[in-house]
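Asks: Below are the chains, spelled out letter by letter.
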Amino acid sequence: MKTLRWAARALLRAPLRAALLVGVLGVSIGLALIMITVDGAFDERLDEIQSEVGTTLTVQPAGSFGGGFILRGGFGPGAGGGPNAPNAGDTADGADTDADAGQATLTDEAAEAIASIEHVTDYARTITALYSGDELVAGTVERPGNSPFAGNLPEGGRPILILVTGTDDPTELSSLGVQNAEITSGRTFEVDEGEANVAVIGEGLAEANGLVVGDTFSVNEAEVEVVGIYTSGTQFGDNAMFLPLDTARALFDREGEVDAISVRVDTAENVSATAEAIRETLGEDVADVTTQEATFDAISAPLADAADSSRIGMIAALIASAAIILFSVAIVARQRIKEIGILKAIGASNWHVVGQMTLETAFVAVIAAVIGALATFPLAQTVANGLVSDPTIQVGGFGRPGGGAAVQAVDGPGSNLLGEVDVAVSPEVFGYALAIALGLALVATLIPAWYVGRVKPAEVLRYE
Amino acid sequence: MSNTAVATSSGAAVLEDVVKHFKSGSDTVHAVDGVSVAIPRGKLVALKGPSGCGKSTLLNLLGALDRPDSGRIVVDGADVSGLSGAAEVAYRRDKVGFVFQMFNLMPYLSAIENVMLPMELRGEPNAQGRRTLAESLLSRVKLAPDRHRRRPTRLSGGEQQRVAIARALANDPSLILADEPTANLDSTTGEQIVGLLRSLASDDRTVLIATHDNSIARQADLVVTMRDGKLVGRDEG
Ligand SMILES: Nc1ncnc2c1ncn2[C@@H]1O[C@H](COP(=O)(O)OP(=O)(O)O)[C@@H](O)[C@H]1O
Ligand SMILES: [Mg+2]
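Protein sequence lines correspond, in order, to chains Z and P.
One point on numbering: in the numbering used here, the residue at position 155 of the first sequence is 155, and numbering is uninterrupted.
Start counting at 1 in the second sequence, then tack on 1000, and there's your number in the numbering used here.
Where hints are given, some of them may not hold.
As the list claims (entries may be wrong) - For lysine-lysine, the following BS3-like pairs were computed, each having C-alpha atoms within a straight-line distance of at most 25 angstroms:
no., chain 1, residue 1, chain 2, residue 2
1, Z, 2, P, 1095
2, Z, 338, P, 1095
3, Z, 456, P, 1023
Keep in mind the hints are simulated off the structure, nothing from the lab.
Computed from a predicted model, the values in this text were never measured in an experiment.
So that you can see chain Z by itself, here it is in the shape it has in the complex (with noise of 0.2 angstroms):
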């Protein structure tokens, strides 16, 4: 307690040294502080991109890579493509689902095999078709300017086909492979509608025809009713339409056939193993397995590279404010050795003038931590920013069999994920500070202790 007061009062007796002290390490601290506050809100954005994208793959039939990816813009990277919906060029040409009849498809006995392997938690098998019957007005389609293919669509807002999705697994809006989306009005599936002639459409399909949950329309001669309606929030992914799958077989008549199973995995970790088990399962000539790992990969690689730098910063900081607080104390030290002299020739044992010592560095060590950990608060989502890169740059650079760049640019889910990196700073920090401060201290009472005991008052305070 005594010791106590007489630091403080040291401190404050002299508190141009002491103002330097806090400030110099206050810097630093703040530096460490923020770089971890930032790595972790790295880490964790990692992990939830990895926890969105990284445990799906896909299954198609082979050599079916460079379908219509486009017209599934909207849906998220667990949906995989739609491998036998023709190319974006063809669908001015009128295509119907005749088009891909020639094409292989997968088997309910397929997704069978799969759901038996390892690691594999869920599967959902999809066909996609595309509409262009006269029962149904597609929504029109405006050109996004910013869109890199927007060449590809029809001009001014002519028509565009429907793409039709069946699928097994539609209770959840996530399952029917709309990311992003929200249900409007209405719902998703049931579980026993696994038949019905129900559909879930898209926001522009419904306004283009003045449907509204309840309403029926004929799709192919057969009268379905809307029991959902979403939206995705694009134009592609809003002029769609969901059928349960046996329905859309039914409707399409494609009986039996799979165009796609969107396969979950327990982890992330287990992606890679479980599609190669599946490769072998159904042999490389079956099946296509695509992976999210590339898109993983590229969307996060500049959030990976800004936690490496802001790892770096953080080892460094830290290196940083411990080598500042041992070599002021040392200096401090060894300017105050006549202080030390005389507290020892006066009757002041080691551990007193170490106690002091020690609690002077920790005082300005736990004031220049309070400060560092005020900075962080203003200035941690400013170094997230600047850290990453600029997130749609880097998005749009990376390539994906089928255009899936394409759709992650026009859609900009990596953009999201990247632009948001939300670096909330926690009180946490407030106990980070202090541990770093009361560490870096106790470091710091090395110095002190080892040297205090080696001062002799009669040397250090001989004069000649």
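Keeping the supplied structure of chain Z fixed, place chain P with the ligands upon it in accordance with the hints.
Replies: Below, chain P with the ligands without anything else, positioned relative to chain Z:
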């Protein structure tokens, strides 16, 4: 040998064949080279000799700021030469009071805080008591009351030395060791300081002043003369 005589004579401090050498490079400096002397209790004793003859070294040995290579130092019946650890700390704190040529006050403490410091080190729990005692000590060394709360940088040399003497008295030691206490003061102030030190010597307090100044030595009850680490004279005043 005179050793036996010294050892049996009663004194505030008794030195028996004390040796202290320093190594500087390849040379060995015989700073204190076999000194035997008894310092009588309650007297003002001057340790006289030219610069470099070993006065400071001898005082440091007496104050347990340093340890002799050989020989015995007994202060108040207790062997000082082998002190270490807590006993050494307690001895420096309670038994001796040092007054230095360069005053050596704590720079960030006021005059009165400097005087209270040894009391706090001793663990005197009564803060008001410490303050009262420090005030009275400062009055005793004739430091003007308006100087009590000043820091050393705002005190003159003479004033600083008065504070240093008050600090040396803080724990009421039986031996005051003053190493060239007037060397950094003008002669008038120096005389005042010597007068002050003189007034401190009493029945149970001995004052030992190291000096090369004859005028100071003249005021002492006993003058002990050193040359080249050895005792060469002992004159009752
Ligand atoms: N710590 C030391 N290291 C080396 N030599 C020293 C040390 N202290 C004193 N000396 C030497 O011992 C001799 C006596 O010094 P000192 O006791 O200071 O003399 P005085 O106080 O009489 O001037 C001098 O030659 C001095 O240089
Ligand atoms: Mg000297």
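Asks: Could you run down the list of hints and mark each one as holding or not?
Replies: For each hint, the structure was consulted:
no. : hint           : verdict
1   : 2/Z - 1095/P   : 23 angstroms, holds
2   : 338/Z - 1095/P : 22 angstroms, holds
3   : 456/Z - 1023/P : 15 angstroms, holds
In summary, the structure agrees with every hint in the numbered list given earlier.
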